[in-house]
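Just so we're aligned, residue 317 is where the sequence shown starts under the working numbering, counting upward by one.
It is worth saying that the hints were derived from the structure and are not from the lab.
Where a beta carbon is used, it is the ideal one built from N, C-alpha and C, also for glycine.
A few of these clues could be false.
[What the hints assert, rightly or not] Within a straight-line C-alpha distance of at most 27 Å, the following computed BS3-like cross-link-like pairs (lysine-lysine) qualify:
| id | residue 1 | residue 2 |
| --- | --- | --- |
| 1 | Lys1115 | Lys1104 |
| 2 | Lys1049 | Lys1028 |
| 3 | Lys653 | Lys697 |
| 4 | Lys826 | Lys365 |
| 5 | Lys714 | Lys951 |
| 6 | Lys550 | Lys700 |
| 7 | Lys1021 | Lys1054 |
[What the hints assert, rightly or not] Okay, the calculated beta carbon distance ranges per label pair:
| id | residue 1 | residue 2 | range |
| --- | --- | --- | --- |
| 8 | Asp350 | Gly1156 | 26 to 34 Å |
| 9 | Ser717 | Glu779 | 24 to 32 Å |
| 10 | Gly1156 | Gly1191 | 45 to 53 Å |
| 11 | Ile919 | Arg1140 | 53 to 61 Å |
| 12 | Val721 | Ala1143 | 51 to 59 Å |
| 13 | Gly981 | Glu945 | 50 to 58 Å |
| 14 | Asp974 | Gly1191 | 17 to 25 Å |
| 15 | Gly871 | Arg423 | 55 to 63 Å |
| 16 | Ala560 | Glu650 | 52 to 60 Å |
| 17 | Pro747 | Glu1059 | 39 to 47 Å |
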Amino acid sequence: MGSNTAGQLRLLYWNPGGVTDKILPLRLLTQSQDIHIVLLGETKLRPEKVLKVPNYVVYRRDEISPRGQPYRGTAALVRRDIVHDELGHPLFEELRSVGVLVKTGGRETKIYAGYRPPGPRFLATDLRNIFDGTTPTVLVGDLNAKHHAWGSRVITPAGKRLLDEAEAGDLTVIGPDSPTHIPSNPHHSADVLDIVVHQNLCCPVHIEVLYDLDTQHLPILVTLALEVIAIPQKTLSTRTNWAAYATSMEYLPLGPLSTPEEVESSARLIMERMKAAKDAATTMSPIRTRRRPELPARLSQDINHKRALRRLWARTRCPVLKTRLNALTAQVSEAVKTWRGETWENVIDRSEHATDLHALNRVLQRTPIPTYPLLDDVGRKRFKPQDRAEILAEHLEKQFSPHPVPVAATDDIREHHQLVERTVLEFLSRPQTPLDGKVFISPAEVRKAALCLPRRKAPGSDETPTEALRNLPRRGCAALARLFNGILRTSYFPDVWKTGKVIMLPKPGKDRRLPSSYRPITLLPHIAKLFERLLLRRLTPCIEPRPEQFGFRSGHSTTLQLTRVLHLLTCELNKGNCTVGVFLDIEKAFDRVWHAGLIFKLIDTSTPPALVRLVASFLEGRNFYVSVEQALSQKRVINAGVPQGSCLSPALYGLYTDDIPTLAGSLHPWEKDVTLALYADDSAFFATSQGVDMAARRMQRVLDKLPVWLDKWRMAVNVGKTAALLVTRRRYKPEPLKLRGQEIEWQTSVKYLGVHIDRSLSMCLQAERVINETRAAGALLRPVLDSKLPLRTKIGVYKTYLRSRLTYAAPAWYALCSTTRRSRIQARQNIALRVCTGAGRYVRNDVIARDVGIPSVEEFVAKMARRMFDRADNGGHTSLHGIAPLHARPPDHQRTWLPTPRDLIRSPNQGDGVRSQNPQSC
């Protein structure tokens, strides 16, 4: 949402006397007046009460009386596109305030909303806590301090003290030219209560009283002649004629491709021709800059009439005018509510198409994310996009480097590093061995792979979308095949494809002022990603990962890995054994892969040497730049890591960590090896035994072997984020496990692959999490579920956005849930279906589910489990055959047996002596 008033900062202050039932007119006023920052006094909100205004980020300072009643309170609402920072709450005795920091006119500016309760006492310390430096500061609020100096009708003791403090502290106090407080009692006089206090502000300040809202305190509009830093709005949309693009790409003159220089020039030529053809076939058109529809002309006239009538009544206080004003106010309020309801219904009706409905649902579930300034190396706040881009790029440059060799590394470790470097250098300096003819790429394969590219992927540094590859003519595909074969022949990956465009996304729950609180998303050229897909097909048979690795492999999934882990924990607990699990947090796993170590391991596989050299060229000499609001940083070098966004990276990382150590080779005859569970960089070890101490000692032996492997391959584990879990029925806690001399904290529950696993395997936390997430998503999507859309469409929304949350990885953990938890999970589905159908209280839940064709949650999870196990048992991966098998259980056993994941699909005639399928209750 962009500003219509360039070079001005527009502030709105309002004392609503309780904002709960006045949010609708506030939304309308912020939209009509194009407000950047809204400052509120006397919000009177409870902490659990949500204050939500579209496109604004809310900062509140609520106050609760000793009796538990909300009173006073202040708030600041900042438009989402304004770059700002929340200020700490200053201490106060009387003056309540909340503030934000923005950058205007090249300087940081503090802006506070203030409220001081009525009374003769005025404490100067409250004011000094706000105006405590040389930073330009603006305080707008109802200070209940009257004086002729700022337009008040009378002078009060608090006004005298404020004037004295202003003169002593070089403050400027100004007020509007008309009253801001108009009591409803005609015997009380109108006066100026809402004023502006500022310091070190070198710009004109204009104050205007607005007569839009029907409260005793009128809102005031404060305009500062300063330009505020905001996120630029996209003003143009594009439309490409792909038929014209295909025609212009019929002829691609490529020279010979027998040297790296020729491959580089040909790759650059094709990229330039594709971009030029796409730009020539693209037309630009302006897009609507206003998201919300304009008010109808008749309603706008009524609002203007009401505003003029209220201004006239404020001057005359005539009872007849007040009667007319009250009637018109009620009429306008009802008309606005009707218009907003009809507008919302029209928006939903227009979104019946799947794509539009998906976009609408995403908007409803999205919480406005504030854009904060970033702190540089010396702690200064940087607001400009260019400065923030450079700070993030500098942080990533340090991150994309290999872990340093530990100072305490042994001579064997250092000799190993030298051996790796020497071996890789000798390998790359040998004469190249020609590739087998079966490795090369045909134009038909290029065409087929291009058609499989996703349509809506963001383009990389070349700004060319996947549609440009999907719409290549036959000759264009033949030219690409020729280029790709030249790359295979020369084992040279073009440098023009090695530049990544990085977009930074904030991590949830992190301080957004720190560059480490952002997650990089790298966008690579799609033509390079197309070649990488074809190269991966030729590498996959040579670098098959170990069976424990489930990440980024066809036929594998997080649900299967969780099923395997929970089956192990459940079976051992049923046997009366104890299980110790350690969940490693590998630090910057993908970003700090040692290139020489990766090539060294790739040499030891059956990969053809030419492809190994090509992978080395693929990793070498990569660079990136960071994009922040259309501002680009300088290019930075990548010295380590596998490229994010490349389909080759998961396979290469899996190879790099394939030899993670276990106790194999160092076990006693009576011992069993630890169980390893891998999913990309999520690594977990599990040791089982009849005794807790025995399992812990076995796990400690693994942890003692791990540092040597980490040092050999220049990897690191964040011990502070590594968790240990003890699954047992015994109330016994062993000594802490240690890794590199640091203790690993025992946890009562851990989150693994998105599922919370507790030490008793009751899955209470996981059930509560999915229930709460589904409840929150249902509340956000209620306007769609309760709309007049076709029932089939609303049921589709429920399946996509609610049931998917309710049953995430449920085949792995649902069998362990108690009857109470299963009932609560089912209740969330019942509530959602009632909202979709609008059924009355007299209609049974099972009747609603039957009529709309939705099975119960338990039936749906059983169907998911049956499909998952069928695919695993009958698929091409032998390691998955019979995963999580059923075990015979003695019918006379006295211990309560926990169900395993396959119990979800157990047929009724399979007797097993199970005492209870869900014996736990939480």
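Against the structure, the hints come out as follows:
Of the pairs offered as hints, the one joining Lys1115 and Lys1104 holds, with about 18 Å between alpha carbons and a cut-off of 27 Å not exceeded. For the hint linking Lys1049 to Lys1028, the alpha-carbon distance of about 33 Å lies beyond 27 Å, and the restraint is violated. For the hint linking Lys653 to Lys697, the alpha-carbon distance of about 42 Å lies beyond 27 Å, and the restraint is violated. Taking the CA atoms of Lys826 and Lys365, the gap is about 23 Å. The hint holds against a cut of 27 Å.
Our distance criterion of 27 Å between C-alpha atoms is met by Lys714 and Lys951, whose separation comes to about 13 Å. Restraint check for Lys550 and Lys700: satisfied, since their Cα atoms lie roughly 18 Å apart, inside the 27 Å limit. Distance check on the hinted pair: Lys1021 and Lys1054 sit about 12 Å apart at the alpha-carbon level, within 27 Å; holds. For Asp350 and Gly1156, the hinted distance range of 26 to 34 Å is not satisfied, since their beta carbons lie about 45 Å from each other.
For the pair Ser717 and Glu779, the supplied restraint of 24 to 32 Å holds, since their beta-carbon distance comes to about 28 Å. Between Gly1156 and Gly1191 the beta carbons are some 47 Å apart, a value that agrees with the proposed interval 45 to 53 Å. For Ile919 and Arg1140, the hinted distance range of 53 to 61 Å is satisfied, since their beta carbons lie about 55 Å from each other. In this structure the supplied range 51 to 59 Å holds for Val721 paired with Ala1143, their Cβ-Cβ distance being about 56 Å.
Between Gly981 and Glu945 the CB atoms are about 55 Å apart, so this pair conforms to the stated range of 50 to 58 Å. Under the hint 17 to 25 Å, the C-beta atoms of Asp974 and Gly1191, about 21 Å apart, fit the expected range. For the pair Gly871 and Arg423, the beta carbons lie near 59 Å from each other, so the given range of 55 to 63 Å is met. For Ala560 and Glu650, the Cβ-Cβ distance of about 53 Å falls inside the hinted range of 52 to 60 Å, so the restraint holds.
For the pair Pro747 and Glu1059, the beta carbons lie near 53 Å from each other, so the given range of 39 to 47 Å is not met.
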